[in-house]
Structures are given as structure tokens and as C-alpha cells.
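Enquirer: Use the sequences and the hints to build the structure in full.
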Amino acid sequence: MPDRGIGIVVLVNQQASGAPSLITSGFFSSALADPEPDAPGEVDIIATTIAENRARAEDTFIRTFDAETIAPFAGVYANPVLGEVTVAVTRDNGLTFDAGEFVTALWHSTEQDDADVYFMADPPLAGDRVRLTLGEDGDPRVVIGLGLTEYTFTPTK
Numbered sequence: 027m028p029d030r031g032i033g034i035v036v037l038v039n040q041q042a043s044g045a046p047s048l049i050t051s052g053f054f055s056s057a058l059a060d061p062e063p064d065a066p067g068e069v070d071i072i073a074t075t076i077a078e079n080r081a082r083a084e085d086t087f088i089r090t091f092d093a094e095t096i097a098p099f100a101g102v103y104a105n106p107v108l109g110e111v112t113v114a115v116t117r118d119n120g121l122t123f124d125a126g127e128f129v130t131a132l133w134h135s136t137e138q139d140d141a142d143v144y145f146m147a148d149p150p151l152a153g154d155r156v157r158l159t160l161g162e163d164g165d166p167r168v169v170i171g172l173g174l175t176e177y178t179f180t181p182t183k
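All residue numbers for the sequence shown refer to the numbering used here, where the first residue is 27 and numbers rise by one.
Worth flagging that the hints you see were computed from the coordinates, not collected in a lab.
Heads up, a few of these hints could be off.
For each label pair, taking beta carbons as the anchor points, the in silico distance ranges come out as [unchecked claim]:
| hint | residue 1 | residue 2 | range |
| --- | --- | --- | --- |
| 1 | R157 | I71 | 33 to 39 Å |
| 2 | T50 | T95 | 35 to 41 Å |
| 3 | S51 | R89 | 27 to 33 Å |
| 4 | E176 | A81 | 17 to 23 Å |
| 5 | I32 | K183 | 54 to 60 Å |
| 6 | K183 | N79 | 37 to 43 Å |
| 7 | G52 | R157 | 56 to 62 Å |
| 8 | V35 | D118 | 41 to 47 Å |
| 9 | E127 | I34 | 26 to 32 Å |
Glycine is no exception: its CB is placed at the ideal position from the N, C-alpha and C atoms.
Expert: And the structure:
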């Protein structure tokens with residue numbers, strides 16, 4: 027809002043989702059531009075936008091998988107920094123990722139070329155990538171994050 031001499035910087039620790047930044051930006055725009063903000067109206071707009079985006083993406087995600095392909099990845103994994111996570115196969119051959127603090131479904135995107143990459147479907151990390159792969163020793167690995175922020179989880183056996 028240069029016309030008002032106001033500059034605001036907000037850092038948001040979230041990958042793959044613009045929602046926190048959009049919400050923050052919308053909040054400041056409303057709070058500083060409108061003397062009588064319509065918070066319920068803003069929330070309704072955000073909720074509608076999320077629902078529309080989800081509906082458009084409906085055909086983009088695969089939610090169930092070949093049992094033989096995903097079975098080797100079911101189990102408990104550990105990372106020295108982040109602790110334990112559990113990957114489970116659901117009754118309908120879906121996948122879940124349980125980090126203790128949250129549980130999310132794992133989906134594969136039809137627009138993704140890498141068959142090992144899945145996406146967290148639910149908040150708080152919706153959109154973050156999870157790679158299910160085999161290590162050089164043949165054991166399964168779970169890798170979350172990208173590049174410098176990758177965390178590899180190995181089976182606890």
C-alpha cells in the first residue's frame with residue numbers, strides 16, 4: 027500500500043500452498059483499506075474458492091492404488107530429526123501418512139511424471155510431496171520435502 031506509506035512483510039512457512047499467503051494478504055488489504063471490513067464475507071469467498079479449486083482438481087488425483095505396488099511401503103519409519111511416521115494402506119487401497127500430530131491421505135497426481143511421488147491431501151501440509159521409493163539396499167524409504175529440505179525416513183523394523 028505505497029499510496030498510504032505502508033509496507034508489510036509477512037513470512038509464511040508453507041510449501042506448495044498459497045492459502046496462508048492469500049489469507050494474510052487479504053486480511054491486511056481488508057483491514058487497511060476498508061474501515062468496515064466484512065470478515066464473514068471474506069471467509070465465505072475463501073471457502074468458495076477452495077471448494078471450486080478442489081472440484082476442478084477432482085479428476086487430477088488418484089486416490090487408490092494397486093495393492094502390490096503400495097504394500098511394501100506400509101510400515102513405521104523413523105527420521106533422526108522428525109521422529110516416526112506411519113504409512114498405512116486403507117481398506118480400499120488408499121494410502122495414509124500418520125505423523126502423530128496429523129494424519130493425511132496420500133494421493134498421486136495424473137499430471138505428475140514421477141510414479142514415486144505422492145501429495146499430502148489434507149492440512150496442515152496439503153500439497154507437500156512425499157516420495158515412496160526403495161533404497162540401494164532394497165528397503166523402502168519415505169522422503170518428504172524438496173531439495174535442501176528433504177527428510178528421509180527409514181523402516182524401524
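Enquirer: Now tell me, hint by hint, if it's right for this structure.
Expert: Hint check:
no. : hint                     : result
1   : R157 <-> I71: 33 to 39 Å : 35 Å, holds
2   : T50 <-> T95: 35 to 41 Å  : 39 Å, holds
3   : S51 <-> R89: 27 to 33 Å  : 31 Å, holds
4   : E176 <-> A81: 17 to 23 Å : 32 Å, violated
5   : I32 <-> K183: 54 to 60 Å : 56 Å, holds
6   : K183 <-> N79: 37 to 43 Å : 40 Å, holds
7   : G52 <-> R157: 56 to 62 Å : 33 Å, violated
8   : V35 <-> D118: 41 to 47 Å : 45 Å, holds
9   : E127 <-> I34: 26 to 32 Å : 30 Å, holds
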